[in-house]
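There are 2 protein chains.
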Amino acid sequence: MIIKPMFSYAIRHFSSSMQQQNNYKTRLWARKLLANAELSRFYSKKKALNGKELKSAVIIFGKGAEEMEVVIPADVLRRAKIDVVLAGLCDNKPVECTKGLIIVPDCHMKDVENRKFGAIILPGGQESNLAMAESDKFGEFLKKREEESYIAAICSGPLALAAHCIGKGKCVTSYPKVKSDLESFYKYVDDEKVVVDGKLITSQGPGTAFLFALKLVELLKDKQEAKEIAKILLVDDYC
Amino acid sequence: MIIKPMFSYAIRHFSSSMQQQNNYKTRLWARKLLANAELSRFYSKKKALNGKELKSAVIIFGKGAEEMEVVIPADVLRRAKIDVVLAGLCDNKPVECTKGLIIVPDCHMKDVENRKFGAIILPGGQESNLAMAESDKFGEFLKKREEESYIAAICSGPLALAAHCIGKGKCVTSYPKVKSDLESFYKYVDDEKVVVDGKLITSQGPGTAFLFALKLVELLKDKQEAKEIAKILLVDDYC
Numbered sequence: 001m002i003i004k005p006m007f008s009y010a011i012r013h014f015s016s017s018m019q020q021q022n023n024y025k026t027r028l029w030a031r032k033l034l035a036n037a038e039l040s041r042f043y044s045k046k047k048a049l050n051g052k053e054l055k056s057a058v059i060i061f062g063k064g065a066e067e068m069e070v071v072i073p074a075d076v077l078r079r080a081k082i083d084v085v086l087a088g089l090c091d092n093k094p095v096e097c098t099k100g101l102i103i104v105p106d107c108h109m110k111d112v113e114n115r116k117f118g119a120i121i122l123p124g125g126q127e128s129n130l131a132m133a134e135s136d137k138f139g140e141f142l143k144k145r146e147e148e149s150y151i152a153a154i155c156s157g158p159l160a161l162a163a164h165c166i167g168k169g170k171c172v173t174s175y176p177k178v179k180s181d182l183e184s185f186y187k188y189v190d191d192e193k194v195v196v197d198g199k200l201i202t203s204q205g206p207g208t209a210f211l212f213a214l215k216l217v218e219l220l221k222d223k224q225e226a227k228e229i230a231k232i233l234l235v236d237d238y239c
Numbered sequence: 001m002i003i004k005p006m007f008s009y010a011i012r013h014f015s016s017s018m019q020q021q022n023n024y025k026t027r028l029w030a031r032k033l034l035a036n037a038e039l040s041r042f043y044s045k046k047k048a049l050n051g052k053e054l055k056s057a058v059i060i061f062g063k064g065a066e067e068m069e070v071v072i073p074a075d076v077l078r079r080a081k082i083d084v085v086l087a088g089l090c091d092n093k094p095v096e097c098t099k100g101l102i103i104v105p106d107c108h109m110k111d112v113e114n115r116k117f118g119a120i121i122l123p124g125g126q127e128s129n130l131a132m133a134e135s136d137k138f139g140e141f142l143k144k145r146e147e148e149s150y151i152a153a154i155c156s157g158p159l160a161l162a163a164h165c166i167g168k169g170k171c172v173t174s175y176p177k178v179k180s181d182l183e184s185f186y187k188y189v190d191d192e193k194v195v196v197d198g199k200l201i202t203s204q205g206p207g208t209a210f211l212f213a214l215k216l217v218e219l220l221k222d223k224q225e226a227k228e229i230a231k232i233l234l235v236d237d238y239c
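Top to bottom, those sequences are chains L and B. What the first sequence shows, in full-length UniProt numbering, is residues 1 to 239, in sequence order. What the second sequence shows, in full-length UniProt numbering, is residues 1 to 239, in sequence order.
Calculated directly from the structure, the hints in this document are not laboratory data. Be careful, since some hints might not be right.
Which copy is meant is left open, because identical chains are indistinguishable; a pair holds if it fits in one copy or across any two.
As the list claims (entries may be wrong) - Using 25 Å as the maximum straight-line C-alpha spacing, the simulated DSS-like pairs for lysine-lysine come out as follows: (1) Lys179 to Lys227; (2) Lys177 to Lys55; (3) Lys93 to Lys168; (4) Lys223 to Lys99; (5) Lys177 to Lys227; (6) Lys110 to Lys137; (7) Lys63 to Lys221; (8) Lys170 to Lys81; (9) Lys193 to Lys227; (10) Lys231 to Lys193; (11) Lys187 to Lys199; (12) Lys193 to Lys116; (13) Lys143 to Lys227; (14) Lys137 to Lys81; (15) Lys63 to Lys144; (16) Lys144 to Lys231; (17) Lys55 to Lys193; (18) Lys193 to Lys93; (19) Lys55 to Lys99.
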């Protein structure tokens, strides 16, 4: 059939900005290296050594994390060539998210405990945020970086920040249903999808996750890059 | 420290609609069953036997799929209690998506080849769509279901449909950069984020993935349910 090769050709030569920009050899190497989860972790550890601390971010998530709030920031920041590490809160095993998606993290949080990051990102998801709130190790991880890194939380994520006394008195937003639990600790902002107060960035939920991620691109890189990525992604409410 | 238990309590009792609605015993059972990827596959096979064909969907994806276009439809449809199966195009092994996220599929496409689905969903991602376009098995999977199921493709996904002659002459949209490859085969629509023509649903890219998924909820369930989910997710451009 002639039609199939024709469209295969179209896909092969789909020279849009959605394409990865690595050259053939690099991609071949990356494919081999990333062939399975074990090797992926090794790759992340290697990346952790090459000193790109300022343009880097770690997304920490545990069982029950909101999958869209893990994946949207990871994808958007990687498009801005920010080195994103997905770190499992409890270990480096596959994580079952709140709606059943299973994501293989790059590493365990402890594997990057001595690494600096431009941003630390907390997706929502009740069970994951509860485990964060109850984890002393996670609290130490945050406190050690509170001065130097952006700390960004979405949905019910700000509850885990409050549990570790991060940013007391600052302006925040969150998933609206947890407002009452936060307003004694923070200045709560109702009418903004993303709130930035110094190094603290907060956002409301899955429907604001693109804007949350683009704000992080803006802060870690620049506004122009965030605008270009919004255009590529067809996100039309970022400005 | 008093603050941590306080916020742990708040998270535990976060009684929003974001919560899973299973009771304790069911959740305990589900947790044990879903403890690892192998068991997850077994779970999906069990679900495949219980006859919920009409309120079900399969998302088929291969290496290089656009992760947000896999995860957003999966999460949104599961919130509408649609039984969503994530099927690997080539096998049931973890799939590395285009920006490096590794997702464990529920099963291999061939594990559900005799099952009926309300919708078949094709995320974008050049490499994944190319593999779909070149796969006879995938073409057979689509053609067998063309009359009875919704077929939904986003981003460059419609190229894989065209490669298998699905819906010739119908109205479609896609990621704008692939328009020229599609307009000889379809009636191309530029100015709509989601296009429905009979059983064929198409959409533009990551930034339209929520609307694409909500349209599928509307078609598989009803408009009211889609509106409620949009509200829970804080997606404010669905109407």
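Consistency of the hints with the structure:
Taking the shortest Cα distances, Lys179 and Lys227 sit within 25 Å of each other only across copies (23 Å), while inside one copy they are farther apart (30 Å). In this assembly of identical chains, the alpha carbons of Lys177 and Lys55 never lie at most 25 Å apart, being 33 Å within a copy and 29 Å across copies at closest. When the C-alpha separation of Lys93 and Lys168 is checked against a cutoff of 25 Å, the pair qualifies neither within a copy, at 33 Å, nor between copies, at 44 Å. Taking CA atoms no more than 25 Å apart as the test, Lys223 paired with Lys99 passes between copies only; the shortest distance there is 21 Å, against 33 Å inside one copy.
In this assembly of identical chains, Lys177 and Lys227 lie within 25 Å of each other by CA distance solely across copies; the values are 18 Å between and 30 Å within a copy. Taking the shortest alpha-carbon separations for Lys110 and Lys137, only the intra-copy value of 8 Å comes in at or below 25 Å, while the best inter-copy value is 43 Å. With identical chains, the CA atoms of Lys63 and Lys221 are never at most 25 Å apart, being 30 Å at best within one copy and 29 Å at best between copies. For the homomeric pair Lys170 and Lys81, neither the shortest alpha-carbon distance inside one copy (30 Å) nor that between copies (38 Å) is at most 25 Å.
With identical chains, the CA atoms of Lys193 and Lys227 are at most 25 Å apart both within one copy (17 Å) and between copies (19 Å). For the identical chains of this complex, Lys231 and Lys193 are neighbours both inside a copy (19 Å) and across copies (14 Å), given an alpha-carbon limit of 25 Å. Within a single copy, Lys187 and Lys199 get their C-alpha atoms as close as 15 Å, which meets the 25 Å cut-off; across copies the closest is 49 Å, which misses it. In this assembly of identical chains, Lys193 and Lys116 lie within 25 Å of each other by CA distance neither inside one copy nor across copies; the values are 28 Å within and 40 Å between.
Taking CA atoms no more than 25 Å apart as the test, Lys143 paired with Lys227 passes in neither setting, with 31 Å inside one copy and 40 Å between copies. In this assembly of identical chains, the alpha carbons of Lys137 and Lys81 never lie at most 25 Å apart, being 29 Å within a copy and 36 Å across copies at closest. In this assembly of identical chains, the alpha carbons of Lys63 and Lys144 lie at most 25 Å apart only when taken from the same copy (24 Å versus 37 Å across copies). Neither within a single protomer nor between protomers do Lys144 and Lys231 lie at most 25 Å apart by alpha-carbon distance, with minima of 36 Å and 37 Å respectively.
In this assembly of identical chains, Lys55 and Lys193 lie within 25 Å of each other by CA distance solely inside one copy; the values are 24 Å within and 33 Å between copies. Within a single copy, Lys193 and Lys93 get their C-alpha atoms no closer than 32 Å, and across copies no closer than 37 Å, so neither meets the 25 Å cut-off. When the C-alpha separation of Lys55 and Lys99 is checked against a cutoff of 25 Å, the pair qualifies only between copies, where the shortest distance is 16 Å, while the shortest distance within a copy is 30 Å.
Taken one by one, the earlier hints fail for this structure at numbers 2, 3, 7, 8, 12, 13, 14, 16, 18, listed in ascending order.
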